[in-house]
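**Q** Here the structure of chain V is known, so what remains is to put chains S and B in place on it, guided by the hints.
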Amino acid sequence: MSKPKVGVFGFTGCGGCQLEILNLEDQLLDLVSAVDIVHFREAITEYSDDYDIALVEGSVTTKHGVERIEKIGDIAKIIVAVGACACTGGLNCLKNLYGLEKAKDLVYGDKKDWIDTIETKPIDKYVKVDYMARGCPPNRFEIVDVIRSLILGRKPEIPNYPVCVECKRNGNTCVYELGMTCLGPITRAGCDSRCPNSVSGCEGCRGIIDNPNVNAQKDVLEEYGLTVEDIMENFNLYNACKKIEQK
Amino acid sequence: MQYKILKKNKYQDFVKGLIEDYNFIGPTKKDKSVHDFVPLNSIEELDTNYLKTTIPPAKKILFPPNEKLIEYEIGDEIKVKPVIESSETVLFGINAWDINGMNFLDKFFSKDFVDENYWDKRDKLTVIGMDTEPTENNFALSMDTEYATDGFDLYLHDLGDRYFVRVNTPKGNELVEKYVDFDDASENDFKDFDKYMDDYRAQFSNKVNIKSFYDNFEMIYNDEEFWKKIAKNCFSCGSCNLVCPTCFCFNVKDDLKLDLKTGEKTREWDSCMIPEYGLVAGGHNFRPNKENRLKQRYRCKLKTYFDKFGQYACVGCGRCIEACLAKINIAEDINSVKKEVNV
Amino acid sequence: MTIEAKEKEKDSIYKPFIATIKGIKELSSTEKQFDIQIDDKETREAFNFKPGQFVELTVFGLGEAPFSIPSSPNNKDYFELCIRNVGNVSGALHKMKEGDKVGIRGPFGKGHFPYEEMKDNNVVIVAGGLGMAPVRSLIKYVLENRDDYKRVIIIYGSINPDYLLYKDELEEWQKRDDVEVRLTVDEPCEGWQGEVGVCTNLIPGIDCPVDESYVVVCGPPVMYKFVIKELEKKCFKPEKVFLSLERRMECGVGKCNHCHIGDKMTCVDGPVFSLWEIRNLKEAI
Chain V
2 MSKPKVGVFG FTGCGGCQLE ILNLEDQLLD LVSAVDIVHF REAITEYSDD
52 YDIALVEGSV TTKHGVERIE KIGDIAKIIV AVGACACTGG LNCLKNLYGL
102 EKAKDLVYGD KKDWIDTIET KPIDKYVKVD YMARGCPPNR FEIVDVIRSL
152 ILGRKPEIPN YPVCVECKRN GNTCVYELGM TCLGPITRAG CDSRCPNSVS
202 GCEGCRGIID NPNVNAQKDV LEEYGLTVED IMENFNLYNA CKKIEQK
Chain S
2 MQYKILKKNK YQDFVKGLIE DYNFIGPTKK DKSVHDFVPL NSIEELDTNY
52 LKTTIPPAKK ILFPPNEKLI EYEIGDEIKV KPVIESSETV LFGINAWDIN
102 GMNFLDKFFS KDFVDENYWD KRDKLTVIGM DTEPTENNFA LSMDTEYATD
152 GFDLYLHDLG DRYFVRVNTP KGNELVEKYV DFDDASENDF KDFDKYMDDY
202 RAQFSNKVNI KSFYDNFEMI YNDEEFWKKI AKNCFSCGSC NLVCPTCFCF
252 NVKDDLKLDL KTGEKTREWD SCMIPEYGLV AGGHNFRPNK ENRLKQRYRC
302 KLKTYFDKFG QYACVGCGRC IEACLAKINI AEDINSVKKE VNV
Chain B
30 MTIEAKEKEK DSIYKPFIAT IKGIKELSST EKQFDIQIDD KETREAFNFK
80 PGQFVELTVF GLGEAPFSIP SSPNNKDYFE LCIRNVGNVS GALHKMKEGD
130 KVGIRGPFGK GHFPYEEMKD NNVVIVAGGL GMAPVRSLIK YVLENRDDYK
180 RVIIIYGSIN PDYLLYKDEL EEWQKRDDVE VRLTVDEPCE GWQGEVGVCT
230 NLIPGIDCPV DESYVVVCGP PVMYKFVIKE LEKKCFKPEK VFLSLERRME
280 CGVGKCNHCH IGDKMTCVDG PVFSLWEIRN LKEAI
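Protein sequences, first through last, are from chains V, S and B.
Residue numbers for the first sequence follow the numbering used here, beginning at 2 and rising by one.
Residue numbers for the second sequence follow the numbering used here, beginning at 2 and rising by one.
Residue numbers for the third sequence follow the numbering used here, beginning at 30 and rising by one.
Here chain V stands alone, though its shape is the one from the complex:
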């Protein structure tokens, strides 16, 4: 079996997802021996348009970005969206809440015409995404699992249960008990309950599970003295694109 060729591509975002791959440290050598990395701007100088698997981070926010993602869609056999921006639009989607023109005004003032910007979208709005390694930052072990699964020809096991499962496995005290709020009960697990582990509430960076009990979440938050605005703000941080869609 020849080694699959992998390209790592960045769109709008902080670039931290690519760093997470580099942070694999002791598994990095195994990774590069299992696949050929042919394109990875944060790591290698070479670049190539010949790849089987594209790992894509960041959301699409420019016309140029649309062209690039569509080209990747033409070349890659398998596309893996890596990180919150690529999977759900992420933080960049907050821009959409203002409306494009107002956002441009606010940020660039009278120079706004110089800027090529469009409404933020996750990459699956432009190309078919085969798998998602969610989160901000994504769980690097999950990225490895996706790549390994692709080599073995199986479906990666991305949890569809809430963060609470992992949080309890880790023996955490519920952050609600400590007087904080948490989107854990409706957010997709797979992060090993990273935020509650360090005593802070989940912000929903991995997106919402398939069948969330959103009404119950509202009931719970209200009971803990929070308004609907608080709730929406929490949701918006990573899930603004989804929210706008639902309107």
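By construction, these hints were calculated from the structure, which means they are not laboratory data.
One or more hints might be untrue.
[Unchecked claim] Per label pair, the in silico range of CB-to-CB distance:
{"hint": "1", "chain 1": "V", "residue 1": "V215", "chain 2": "S", "residue 2": "N50", "range": "36 to 46 Å"}
{"hint": "2", "chain 1": "B", "residue 1": "K148", "chain 2": "S", "residue 2": "K172", "range": "46 to 56 Å"}
{"hint": "3", "chain 1": "B", "residue 1": "D68", "chain 2": "V", "residue 2": "E158", "range": "48 to 58 Å"}
The C-beta atom is built at its ideal place from N, Cα and C for all residues, glycine as well.
**A** Same frame as chain V, now just chains S and B:
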């Protein structure tokens, strides 16, 4: 059973001896209102006067949340090796209902097939029990688990100026003889202990009508509206399962490393409340509704294992009630089954 | 803290033994038959299964899944599996070739088809689709000991003729005068000579005395409700009707709990249950 007295001034030396000689796991303060059972190196860290622990101590040690079951190596042939890891451990300060929860797991992990990953650890565990204050949600008294008759080596009851000690096993007796002098319990000590237990039992305010649940449950079983109401706010988050001292569901994962040569199978706690629980390859889900899952959970807790072992798979610790953000309350639900029958 | 890692070769109920794929045969466009031989001779000889039991099969790196054994228990050298390509494990198996290694645990299931009890009785088999796999083991056994049983009636339905499994054997059985085979499909092709429709339709036509008859049923989850209704109409005795149920049998040894039905576990108490047991099991059907 032997009955001994440990004087308060000898308690410290006794515990220090244990910490010195064993892998010693005991309760220590974790945050605001919660304690956690962790390996302790000094008596200063030990705080047996606790109210809540998130994860039941015995389950955490004997059936950890993630546990390697086998390792394998793929070469010219495939080599498979079971992984069974354990060490001599003292579990100190576990209360009666958690001991009873462990007794349930003991039965469960020996039924039909003996689970060596559990039993190897269990055989090397020395259990020293102590009473703790029940929370307002605790209904152990109704479940007959506020007092342990088996499953421990020593049980220390704090009579104020001395400990009334029940010695249940030869292993427990060795510890009694090893560090400090214990006295034999006198008639007076027994009388004081009896009074102590009366007072202790009076602290359990939450009561459930479990006796009539057994048959009434079958009557209410098909009442969809009843179960929909109870499960309305369920997040299907599994918290109730994961904090339960008797829940034993797990998933097995096969992890082949990136070298594609070595791998392992591990098990991790699963929950019968999450939607994928009943999903089979091919896509059919045998329990897709949250009310059905909750109903099955109650059956498992309060009926199935009563038939099999004569012990409920619920010890009334109240952890699931406290862990549930949707305020699903097993104690209230047991009682409301009774009420529903009387309507 | 000292951790003693011990090798307890025989004690872990989760350790599979290694087996080799000796042969692969296509049964339909989605099912393949695998002949599995356990490598270790001693283990192979000790591997005695009963019709209706199942094994847990590991494809290393992909996971483990339960499969019932469709071959005859009299075949000691190897056993067969009939596997539909639907999941991670079955998908990987379909890509494997002869000589490849897999892991096997089992055989599992206290609930199997009561082939001993059935002796001197009529045997009625009702199978739908992939449900032929578990009952084939019983059919094989019964035909190998044909004199011990009275009439043998096989009712087998599938979506279309292509999806019928073990076509050559079906043909062979049809030719015998001591086996009554009735085939039915939802979508017949040209030249189809069997019945059209679901296999439930053929139950009213069963004409053997219920006192001396055992019925065995296996098929997709949706089939059972209708089959049971028809069998009850014919007044078959619930303690003589046996159904093989599918659930998520992940560990096979009654520990992981995924296959719970009411108060029973499919993997240890089943996967074959009598209709009498099933009536007392909530949500079984």
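**Q** Go ahead and decide if the range 36 to 46 Å is satisfied by the Cβ distance of V215 (chain V) to N50 (chain S).
**A** Holds, at about 41 Å.
**Q** Has the hinted range 48 to 58 Å been met by the Cβ atoms of D68 (chain B) and E158 (chain V)?
**A** Given a distance of about 29 Å, which is not inside 48 to 58 Å, the answer is violated.
**Q** Within 46 to 56 Å or not, the Cβ separation of K148 (chain B) and K172 (chain S)?
**A** 53 Å, holds
Of the hints listed earlier, the one the structure fails to meet is number 3.
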